Amino acid sequence: QGFFRSAQCSGRAAAERLRQEAELQRQAAAAERERLRSLESDQAELTWQADRAQHELHDLQARVIASQQRSREHARAIEEDRQRAIESAEHSRDELAGLLVRAEG
Numbered sequence: 092q093g094f095f096r097s098a099q100c101s102g103r104a105a106a107e108r109l110r111q112e113a114e115l116q117r118q119a120a121a122a123e124r125e126r127l128r129s130l131e132s133d134q135a136e137l138t139w140q141a142d143r144a145q146h147e148l149h150d151l152q153a154r155v156i157a158s159q160q161r162s163r164e165h166a167r168a169i170e171e172d173r174q175r176a177i178e179s180a181e182h183s184r185d186e187l188a189g190l191l192v193r194a195e196g
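92 is the number of the first residue of the sequence shown in the working numbering; add one for each residue after it.
There's no promise every hint is true.
[To be verified] Have a look at the derived ranges for each label pair, beta carbon to beta carbon:
#, residue 1, residue 2, range
1, A176, A144, 42 to 48 Å
2, S162, Q134, 39 to 45 Å
3, E178, I156, 28 to 34 Å
Source of the hints: derived by calculation from the structure; they are not laboratory data. The structure displayed is predicted, hence computed values, not measured ones. Think of the CB as a built atom: it goes at the ideal place given N, C-alpha and C, for glycine as much as any other residue.
Could you build all of it, start to finish, from the sequences and the hints given here?
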């Protein structure tokens, strides 16, 4: 009977070790699942931030393009005003020259 008791104790100890090992593996698996959930959450957040940054970049690019277009239009308007001023000055000069010729004549 001593042999059976010894074998029974040895079997219980082995079963306890197996139970403890299974519990450790379960805890390790749960920790790994939580780590993966956390990584997935981080990835989703980073993806959202990247998408938002991309939209903001496109918005800024559109605003820069619009600003450049307004600047070109403004420069064109200034050039047109300058040309009109030159033409007006030339016309005034020609009228003044004509008046001087008549006044001298």
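For this session: Check the following: the C-beta atoms of S162 and Q134 are separated by a distance inside 39 to 45 Å.
Result: Between S162 and Q134, where Cβ atoms are some 41 Å apart, the hint holds.
Exercise. Is 42 to 48 Å a correct range for the gap between the Cβ atoms of A176 and A144?
Worked result: holds, 47 Å
Exercise. Okay, E178 versus I156 on CB: inside 28 to 34 Å?
Worked result: Check passed, 33 Å falls within 28 to 34 Å.
Violated hints for the displayed structure: none, as all numbered hints are satisfied.
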